[in-house]
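Heads up: the protein sequence lines correspond to chains C and Z, in order.
Residue 137 in this note's numbering is what sits at position 137 of the first sequence, and the numbering runs on without skipping anything.
Just so we're on the same page, this note's numbering is the position in the second sequence counted from 1, plus 1000.
Do not take every clue at face value.
What the hints assert, rightly or not - Chain C residues, not near chain Z, derived (Cβ > 12 Å throughout):
id, residue
1, Pro35
2, Val66
3, Gln86
4, Ile195
5, Leu199
6, Gly228
What the hints assert, rightly or not - Covered stretches of chain Z, going by a simulated chain C footprint (3 or more residues, C-beta under 8 Å):
id, segment
7, 1029-1042
8, 1075-1082
No lab work stands behind these hints: they were computed from the structure.
Beta carbons are placed, not taken as given, at the ideal position from N, Cα and C, and that holds for glycine.
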Amino acid sequence: MAIISIERTAKQLVLTIQDYSVFAWRAFMNLFTEPRYWSEYLIQSDIIGVGSTAIVLLSGFFTGGVLALQSAATLSQFGATAVTGQFVGITMIRELGPVLTGIMVAGRNASSMASELGSMVVTEQIDAMRALGVDPMRKLVTPRIFACISMLFFLTIVADAFGIIGGGAVTVFLNHQDGTQYFSKAWESLRYPDIIQGLVKPLFSGYIIASVGCFYGLRTTGGTQGVGRSTIQAVVNSSVLIILVDFLLTRVLLAFFPPL
Amino acid sequence: MMASNTPGPPQLPQPDPFRSGQNPAANQTPVLAFRNVSIAFDGSPVLEDVTFSVAPGETRILLGPAGVGKSVLLKLCNGLLRPEHGSIQLFGEEIASMPENRLLPLRTRIGMVFQEGALFDSLTVRDNVAYQLIQELVPDDEIDTRVREALTFVGLEETFSSYPASLSGGMRRRVAIARAFINHPDMLLYDSPTGGLDPVTSTTIIELIVKERDVHRTPSMLVTHRLQDAFMLCTHEFSTEYNCMIPFPNGVTDPNTTFLMLNEGRLIFDGSLQELIRSENPVVREFLE
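Same shape as in the complex, but just chain C:
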């Protein structure tokens, strides 16, 4: 019985990966052929980009703050508190900014995409759309994917900036250190490869969030209970995939841009 269960689970996993790969490829390729729904792209950009600004801004600010608090305590043992700005800046821009923004946006938008599309599936709205001659992949999925990619790029910049500002606030008001030194160190230590690393990652995270959210939404079965299940799967799988892809990307990018 156990072997049959393992076999069934393994088959389902392979089938899901195959379905997701075909789905993600089709959604991407739709951008290069007509029809394109630019108004949908703008609506989704507003929902994903403007709608997520507050949570990204706050999470970036406090992550920068906590980084400054923790690093100052450790660096003071070596008399190196002056490099707090460098530490916070590089960590935020290269790693924490992109990953945290990805996970925050996944929590907010992968869930909303899965539940919205899932509800449309169970109420036959997706079938109605197809019956009216409109391809739901083009109308619903492709605009969400490209809105998520482009908005996550800018949201990551916002998170990076507010992370450095949060670190600066903690450095000045709680650690009572020099703010000018903090910001100048953060600025001086930055190199183009750091920025490239930090801004390549959200392109992949954005694609993962929207494609996983839409994928689980559109394969919803089992009524309202199924919508809940799809939402959970979308958030969990997109968050795990973001961290996994972040690890792989970091490995590749470090090979291209080795640390000094």
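With chain C held as given, fit chain Z onto it using these hints.
Frame of chain C, contents of chain Z only:
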């Protein structure tokens, strides 16, 4: 807009040799033809070896108890589902293995009314009804005019700017009918259009279907498990003079409205109302009684 009488238990009409029992559309090239169609979900067969056709101007009523695959059959008609075996010809084109991008333009020639309406929650009634016209980039003024015409046809012109959530079940169903009718489709598919509605609202919906059938002669497939609705469709016509549905004289039925019956995934009956009434098949008899 209301029918002249409220439906009671189905009254089985007497055969009329002059109008009943013969389908004048039966010899024409079919709009839709199923040949030995089968489909299964997760290994369990839902439809097996189904063969029938819909001729131009013909209305086919698909009867059967709940859960026998009526909605599945309807979704096969416009390619929303694909059969495992068999052939489906729609407007002369084989759609059983047609790619989705070629099916989409073909589907714009068909109007479909879903079981619960399937209106888009986030759009107003105007945008729901005009959905296909908006995709075709029809100018806004023309869209407004045509949507008002379609809403007037279903008696809901006052809901133009409302959202589906503010409408009753029957009103949503009528908006769905307006959405299906607006582009003057070459064929109509109705999936239990009166399911879950009260008798008065059901009669209003049936009247709209009879009106479309008799005014535009659009071929259609209608799925229902409610005998009284099926019989009313067959025994009534739309009078443009009185602008309402009126019954045929006693014993007369619409010759272009015929019946199919599904049971356990198989088609067990295909014929006119008179043949249905006279059928010896025990399942048909049980369903009628």
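Beyond 12 Å from every chain Z Cβ - status for C:Gln86: holds, 48 Å
Non-interface claim for C:Ile195 versus chain Z (Cβ beyond 12 Å): Consistent with the label, C:Ile195 stays out of reach of chain Z, its closest Cβ about 38 Å off (over 12 Å).
No chain Z beta carbon within 12 Å of C:Pro35's: At about 8 Å from chain Z, C:Pro35 fails to clear the 12 Å cut-off, so the statement is violated.
Beyond 12 Å from every chain Z Cβ - status for C:Leu199: holds, 33 Å
Non-interface claim for C:Gly228, where every Cβ of chain Z lies beyond 12 Å: C:Gly228 is indeed farther than 12 Å from all Cβ atoms of chain Z, at 18 Å.
Verdict on chain C covering the segment 1075-1082 of chain Z, where coverage means 3 or more residues with a C-beta closer than 8 Å: This one holds; 3 residues, not fewer than the three required, reach chain C with a Cβ under 8 Å.
Verdict on chain C covering the segment 1029-1042 of chain Z, criterion of 3 CB contacts below 8 Å: violated (count 0)
No chain Z beta carbon within 12 Å of C:Val66's: holds, 39 Å
The structure fails to meet hints 1 and 7 from the earlier list, while all remaining hints are met.
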